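Here's the letter readout for the chains.
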Amino acid sequence: MFCRTQTTRAAIARGSALEMEIRRGKFRRSVFLDTLQDSDIQKKIDHEIRMRDGACKLLAACSQRDQALEAAKSLLTCNTRIMAYMSELQRMKEAQVMQRVARRSDGTRSSDAGPMDDRLPCKGKVAISDLRIPLMWKDTEYFKNKGELHRCAVFCLLQVGGEIHDTDMVMVDRTLTDICFDNTIVFSEASPGFELRVELYSCCSEEDYSAGSAPRKLASKLSSSLGRSAGKKLRVAMDPGACSPTSNAGAATLLLPGPAVAGPKYHLLAHTSLSLSHVQDSFRTHDLSISGNEECSYWVPLYGSVCCRLAAQPHCMTQQMMSGCLKVKLGGDPPSWTNVYGVLKGTNLFCYHRQEDMEANVEPAFTIAINKETRIRASEKDPHSKAQSICISNQYGGEEVTHTLSADSREETHRWMEAFWQQFCDMSQWKQCCDDLMKIELPSPRKPALVTSKQGSLYHEIVIDTSDDISTVTDILTRRMQELELRSQLGTSPPWMSLFEESPGGPRTPRLARHSPRSPHRLPHSPLSSLRCPWPGLLSSDASLTSDSDSPCSTSPCSRHRGWAEPLSLSSPRFRPRTLSLDAKLSTLRGRGYGGVLQCSCQPPSSSSLAPIPAQCVPQATLSCSSSTSSNSSSEGSHSPSSLDGTPFSRPSSARRSLRNLRAKLDPRNWLQSQV
Amino acid sequence: MSSFLSQLHFQLSCALQQRIEICKLRQGEHLILGFSIGGGIDQDPGQNPFSEDKSDKGIYVTRVTPGGPAEVAGLMMGDKVMQVNGWDMTMVTHDQARKRLTKKNEDIVRLLVTRKSLEQAVRHSMM
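Protein sequence lines correspond, in order, to chains A and B. Quick note: the first sequence uses our numbering, first residue 1, plus one each step. Quick note: the second sequence uses our numbering, first residue 1, plus one each step.
Chain A extracted, bound-state conformation:
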């Protein structure tokens, strides 16, 4: 005999007729009895099928990778929902069939044995929020990995019974230490025996490799000559079957092999199940079961646990379970009674003088606790009154206090007793959730999806201290602004940037080196920002790289700041590829020339007169020091000290100095020193 309170996940047998129908997208309505519940589910299934069709069309039509990932996520969610509804329908059908069989064999249903048997606990709201999955990157990812950043798109699918919700999608790369999902997901009708299944899906987010076109030999040659992550991806793309058996094994019950759609495919990366025992009013860490391994394209190195806040609000705690007029014995001889309006809610029986008081939110006259330690019994028939009275006993600090209540009629008394029994049943089933009401914060109404908050990482917290100096703050803002500009140039900007762009994103190369010579129309200091962008957060070293450019910057972009201030406040872009290869950086610098940033030798060799030096040379000096991008200054910088080689204060030759400057600039851990 099945238990109605248990949620079972039915797996539809592969190759069964039902599965074939699902695949074809047609459903034999005659299979399912047309009860009210069935038609509800049928409507839901139809709705999901329409959503799925829409997602498929969008996937086929969209060109941008981000859109494709979102569409693939919707597709997967729709498929999962359809599967869940189908399973529920099947289960209901099975239940009906079995009930009919049981009824036929037993005759009449057996009557209730006792107050606790056959009593269903109330349902409740279950909310999961603040999901955080720590990552564990190997140091080889940071230091030895040449080439592009390995990025994955991940999201979570959360399921309780037939209700399936998905979180927003998060892009994961090695600058993140944790995957954080900010969504709060509330399941409204969950029974105490619920099973909340959390599944993490991920999809590799690099450019598609057209696997079919390249011959195998070439592919293996390519993969060995490319960087580690790129080669891995290519190998996987060449061999699509390699990872799927392991990934799909665990997901067979949830994933529907729907209509074959080209585009990004999500794979199950990890899953776990949470239940009532995991519910707590604070954050807890749970273990994850990880599927997939390092060789899969969608692999993200998970630490193996997930932190979240799982809260539950049973209805008995939030709703009025019973209310009505009662008489409370006050004591004395003969005992006197007072009329109250009682409301049973949560762990208390509130007694108001009148019903209007309760509606007006006036404080109750008194409150009787109804919790796990309370004992309630119906007393013997009182000779003075006709109805039974109810005795509620509580322990208040060692003392036992008993309240005696009486209802107007026998039916009322019976109903109150039923309510109390139900309350006890609920409290025994919901256990720790009934001690205190757990708070569930409803997610705020969704703002229009212009804002994507890039995930911060612990390594890149920008600290602005010494904020007395406004130019520091201005410098940081300038850098941020240029980072934004540069990113919009590269086409990897957050979606809302498209509102501000005139032209859709250009070629998508994260290699900043290639873009710098191609922006002559921009402010003269901006190409240097292409070198700055890799580490705007590291104030210690890179500000010295930029210090030459900053002085003109700090005054000029005030007006530009205001134009950009709004998007800056909306998002906190912390995207920065940390490990551009050394070659890229050197080629950048050689191509543009450096401006003799650190040494004073960048002063123009123009004036040879002694002090006092005419004032006109000063701005020139400043300019050549600061606009370190023009090739003129670089040639000046390299040519000027050539005559000084013999003297004791001679600076090293230009070639050695340039190399030393490069090394100094490129090492982010340098504490810079300048010769004056």
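It should be emphasised that the hints constitute simulated quantities derived from the structure, not laboratory data. Computed from a predicted model, the values in this text were never measured in an experiment. All the pointers check out, no bait thrown in.
Ranges between beta-carbon positions, derived for each pair: (1) C307(A) <-> N85(B): 52 to 62 Å; (2) S277(A) <-> Q47(B): 46 to 56 Å; (3) Y396(A) <-> D53(B): 54 to 64 Å; (4) E21(B) <-> L659(A): 28 to 38 Å; (5) D53(B) <-> Q67(A): 47 to 57 Å; (6) L659(A) <-> D53(B): 31 to 41 Å; (7) S188(A) <-> D53(B): 49 to 59 Å.
Glycine included, C-beta positions come from ideal geometry on N, C-alpha and C.
We have chain A; now place chain B onto it with these hints.
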């Protein structure tokens, strides 16, 4: 500003500064002082080998060219430069500091420095 004032207060109460006047030396087209500086509010103060307080982002003298104008004037390695010709050097970026020292229209720079040995001497004398 408030931190500068508090530092000033500290200096006035302990009188640990030294005034050093350096005459720049002309070498071809360049005016050199003959020392190197490190530090700045945009630099990582933890890497400063000369500072006692590793959150001190001031400008420190990291090297003095032997025989150069700075050495002649009495500047020593490890000195913290507080002012240059009246310009504050306690709350500047590295590059701002460099520029304030290398102004082409100035032949003489007057530095206000504070020195650890001086501080220690005073502290010992106070104990």
